[in-house]
Amino acid sequence: MRKCSLDKINLVFAEIAKNAALYLPVDQNDGSAAYKKWEEGTVWSNALNTVRSPKDFFFPQTEDLMAFKVEGKNIEVMDTRSESEDFVVFGVRACDVKSFDILDRVFLTEPVDSFYGSRRQHGIIISLACTRPSETCFCKTFGIDPSEPAGDISAWKTETEIFFLANTEKGEELLNKLSALTEECDDSAVNAQKEKITAIMDKLPLKELKTDAFGGGKTNELFDAPEWAELSQSCLGCGTCTFVCPTCQCYDIKDFNTGNGVIRYRCWDSCMYSDFTKMAHGNNRLTQKERFRQRFMHKLVYFPENNDGEFSCVGCGRCLAKCPISMNIVKVMKKIGGNKSE
Amino acid sequence: MQKITREQLIDKAVALLADGTVSCVLGWSKGEFDYDVTPAMFNNEEELKANFVFNDFCGVNFSKYLVAKTQKCEGKILVFLKPCDTYSFNQLLTEHRFDREKVYAVGIPCEGMADIAKVKEICGDGISSIAFEGEKMAVTTLYEDAPVMLAANDVLAERCINCKSKKCVAFDELMGDEGNVIDSNRFDEVEKLEAMTPDERFAFWQNELSRCIRCNACRDACPACTCEKCVFDNPNSGVENKSPANSFEEKMFHIIRAFHVAGRCTDCGECSRVCPQNIPLHLLNRKFIKDMNEFYGEYQAGAEVGSRAPLVNYTTEDLEPGEVFDRRDTDA
Amino acid sequence: MQRVGVFVCWCGSNIAGTVDVEAVSEALKSEPGVVFSTNYQYMCSQAGQDMIIDAVKEHNLTGIVVCSCSPRMHEATFRKTAAAAGLNPYMVEIANIREQCSWVHKDMLTGTEKAIILGKAAVAKVNLNTPLTPGESPVTKRALVIGGGIAGIQTALDIADAGFPVDIVEKKPTIGGKMAQLDKTFPTLDCAACILTPKMVDVAQNDKIRIFSYSEVSEIKGFVGNFDVTIKKNARFVNEDICTGCGACVDKCPMKKIPNEFNLGMDNRKAIYIPFAQAVPKVATIDPNACNMLKNGKCGLCAKVCTAGAIDYTQKDEFIEEKYGAIVVATGFNPISMDKFDEFAYNQSKDVITSLEFERLTNAAGPTAGKLLRPSDGKHPHTIVFVQCVGSRCDACAEKGKEYCSKICCMYTAKHAMLTRDKYPDTEVYVFYIDVRTPGKNFDEFYRRAVEEYGVKYIKGMVGKVTPEGDVLKVQASDLIANKQLRIDADLVVLAAAIEPDKSARPLATMLTASMDTNDFFTEAHPKLRPVESPTAGVFLSGTCQGPKDIPETVSQAGAASSKVIGLLAKDKLTGNPCVASSNELMCNGCSSCEKVCPYGAITYSDKEFRMPDRTTKVRRIAVVNPAVCQGCGACTVACPSGAMDLNGFANSQIMAEVDAICK
Amino acid sequence: MQVNEYKPLIVAFCCNWCSYAGADLAGNNRLNYPAEVKIIRVPCSCRVNPMFILRAFQRGADGVIICGCHPGDCHYTSGNYYTRRRMAALFSMLDYLGIEKERTRVEWVSAAEGAKFAATMNDFVEKVVALGENKRLEDLRCKK
Amino acid sequence: MNNNSYLQEEIIRRSGVNPSKCMRCGKCSATCPAYDEMEYHPHQFVNMVESGDIEPLLNSESLYKCLSCFACIDRCPRNVEPAKLVEAVRIAAVRKQGANRMTANDVPRMIDEDVPPQLLVSAFRKYTK
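Residue numbers (the numbering used here), protein chains in the order written: chain E, 44 to 385; chain R, 7 to 338; chain P, 1050 to 1713; chain C, 1111 to 1254; chain B, 2 to 130.
Extracted from the complex, chain E is given alone in its bound form:
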């Protein structure tokens, strides 16, 4: 484990940015934080987390797949790939780090999504342990410990110092480059920090939320639960929850006619939208109830069924904070799962 004084953190950033684009949470005018590319003068945010998740770096909202150039009646296929830049994402919370495991299961199993894969290869994640979880946090429900974030390098922050621990080869390599700015240390300070976090975790309002009622094999039991109608009754059908979610991975492939050709690109889709997975015969999820159910069944039942029991929610709480009508996975789990915590 290595540490560095927070006074020198900008030197660390500068060192990292020498070799790769460095992205880190930065405060915006509106009070929220967003990942921004670091450059001299960029100030690292103290916010718990960003509105958009770091999923964007590996699975951007829009991504060109290829292009066709059309001249008269001739068509030429063109390569538009651009995902070869090395980059580092700094300050990723434990929940968001976990989301990459989930995305990996989707994109890196055969057939491998080479766009995602290539971005994963070029990216290094420096995670950061939480110090002040929010009431909307429920990562623990999914077995995530915010004091033990994974990633290529794990980091802990105290009032004055920051501690780094490399977990992977890529991480080791990067940490070595920072050796001039950091010094070796023991893990006592970090352990003290961990204890503090654990104590707060026990005070979180959603600490009792359980996944017992969900998981693979529950489809028949939960699919026709009468509660879906009530839960979905006020859903606006917007895509906010899916677009701020670190694990939502659905996309649509579309063609854009440029006038001289076509750009084929993919963009995030949302199961909340009425034209999601619309096919020639129409849409197989006819009303908002079915679309709403799809999202939660996918996260809590279908995904674990196909992925060794792994839920595709990390409890980051973004959808709790951002849903225009405050309907979210926690309310669904409590209602459908029947385990009212209070």
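Don't take every hint at face value.
[What the hints assert, rightly or not] To be clear about the criterion: a stretch of chain B counts as covered by chain P if any three or more of its residues have a C-beta under 8 angstroms from a C-beta of chain P, and this derived list gives those stretches:
1) 20–33
2) 36–43
3) 76–85
Hints listed in this document are in silico derivations from the structure and should not be mistaken for laboratory results.
Where a beta carbon is used, it is the ideal one built from N, C-alpha and C, also for glycine.
Dock chains R, P, C and B against chain E, hints included.
Structure of chains R, P, C and B alone, referenced to chain E:
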């Protein structure tokens, strides 16, 4: 803090359910925390007593829900409308979007709603409870022992600071006092932007709109956006797009959306409230409202049912598009 | 995908001189959908057209692009060519490479480049063209004339003359209108009754014409060729079919003090009355507000004396529904109220009168039996002051009168002045004028005669104030030529009040969805080229409802309107323009934005049941465009936020394809 | 040098009854105006949807002008009055977003005003050339 | 800009009157109670201001004959408001150096039991810079 209480509203709802005036109630249902209320239908006293809430976080504009809910509900729906909701209510009636006969509207006074983001700005994250004590709210967090006492004005939502009217313009029954239309300063921010140079304005909007993730929350929450199919969802419209692929599409979506609701937007502020990226979308709508007020005379969408919006109206003496700028340049 | 043929015209050297036509036809060959491309000297010639027909057949073309002169020139020609080749005529698009290219650009390279782009845009559009068929609708061969003044009478007679049945709806108990109240007519001075009443008799006797007097139009539905009209026949408490108009009832009626509208309240009539001797229909009418029998059931004298037994106190308003192919509006005018013109003391003195009142005072059938006597004391007036432009030509901001010139006042004032001097040479007659406007055949001659032969004193200036003092009217006025202020002691002051459309016109316009100007005059479809048609198809305008007019103008407009009606009714079917709006009912949410901007009232709404995706049904309000009424402007397409409303021939997708092609 | 080379792309929407005829008249009278102006015929200026205007900018237009009958002369009686309101509102909004106001214009050109049509186009193109390329409403994908 | 057209603009601006709206009907002069006292009558004021002929007006006694009764304003069919023009020209005249129509010294002479003091006060205000 709200003057009308949860109990008063429940009593009203229970009475109307009991005498058969209505068969269900559209209200706010309590959430996990003290601020995350969700619109819900209540069918009986039991449900109301268990889950109905009314507090400073009941900002959702119910009017739009009536479009779908009146189609589904057999009898009449009781809906509680805050003054700003009543304007949307009227506007939807003007556009024949639901059957007035299927709704029993109770106008309720509103003291302005709180913005949870502002609460968090002051008290920090990790809110464990919010209690309403008289004129104040007591916010307890995971990190402080003593609750922080907040006055309503400290955390008032932007749209409520610039409230245009405390008057319910549509109702079957009014609870509390009838308020007044307010001389608000809602165009100040628009004016601030207008006073900037075009380059500054461009930079401002470029920065704001670049955050758009096209989640469509603004559109889906907007009571004026009640198209059966939005042009941006319709593959045959030629402008369909699902993502803000670049800065053009960000602008296209928001310009066209603002244009489509121009003259119909009541300035309820839902668009900005629901935006997960905090884009001040209301400043686009307000620009249209301000312009149309200036060009064609004061017009408040939804002030009365059946009124003719400026863009579906004209006079032979209207100013020319070019004069819009001449006017402003001479003013400057 | 279309199979498009491109035909580039040289137009001799008109196009070929600045545009490399060979290059254009070659370049367009590789456009999507194009299977054939050629050029020729004169595409519009028979040989050129044959070339197109042959190519359609040989290459199985489904769409044609002609790069030639303006579509305003030859679009119709090439549409016919397409039809001759067996194609839908609307599968043709024209790229205007003459007026908007070769003629305005001098450089060959530039011209050719632009011609290719215009050609590409046309190809892009034609690729999205769909065959269009004009709609047809039947025509009800009956016309409705609203208003029974001289305009309505003449229109009805002319239409009936052509063999079509006509109904006249008149809200008064008799037809005749304002003209029936006039004494003499300018500039010939023949008596109004002498020329009008024979026409009224003609109307009554014409078996093609029905008169609904004492009636109003209460509802209008439908569209050109197919109007459904409800006429409300007000109860007159006299059976029209039986009443002989003998007048016995009128003689016996005890209610004598009812102001007589026909004489503008200058004398009285009975509660049962016939407006004037030559009324058509000549039947009595009971005024329900004055009749004792109707008010409190006491009296019944008229029923007793009526030998025909025509009196029916129980008569009710009757609603008649009828179908019409065309509607003529002839609602006429009224003088404006003088209430806002205190300075002329109209409401203070009986001897300040309007010109229409003057007409009645000089009319042999009027309250004074044609003797010019002062209303106040019945004495002969020796000094008369006529004031012109009272309430006409006012600034809109003044909010007193009308902005327009009422057009007829100069002439009738000259007439009044002249007649007065003719009959009573001892009378001093002053006319105060701002301008004397006499554009009409023999009009200025007439005015000059009034001055030169009859000694009428025309003074350029205006009356500022009239003060009644004892039995004289102190008139204070300016004489701008002499630069003096005049004070005249007058016995009678006559105000040439501005005229305004009848109050019934506004609600009628709403029913007809016909547009009006800010003064409530009906708007014509085109101010120069379609002056007697309303923009609403099938609605025509006759007389002063469209703007101030004198009698000859009114009669000629009536004739013009009737010929338009005859032209319409002569058709068995109406063929529309297929380039009309249509609404996609799956996307329409019935918000009514489109309806509000439609200048023709072509959009209506209906509730339609839809099957929802979840197999429930939902009733939704949707817009329906009547293709027979829609003229294809496209205002609705932009008002519609969802894009449910689109325009055939100029669809959103087509225009965007053109934009795309141009902006490549 | 480069400034002189710059050729803007102008889309002109012309109503069929007045302005398109006015453009034809400009042709009849051989009145020159820049070839960069490309006319799209619409039945009435009120057919022009703001989406068409933005679309043109997206696809690379540098200026968009809408021409219709003079107010009061609309073939459809009121179409251009709606155009006037819609475009006043839209142009003001574009300006509010910082898009150069000289790139958009509404001009009333009658069928008799060939000279006005040519003069208008000359002037409009000149103004757009002075601004240079449309950057603020461009879609880079369309320029590849 | 020559003095005349400057004056003309100034008077038009100050009065807020658009003299070109006048249709020469003469109703203002017909209605004017002070007509006979005036050298230039109300309609001439309008006409002369419109044609820029201001000098004669400035030097005319007519300026002080107008009673400001506003009958001309009330009756003008074209909303031209001649009295406001008279007022504007009068102000232009009075504001010239030493051109006060009335001085404080004049007031005692004018006191008369038939003249309401209010009238003197307003006249003083009107005729003095």
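Hints numbered earlier in the text: which of these fail when held up against the supplied structure?
The structure conflicts with no hint, since it agrees with every one listed earlier.
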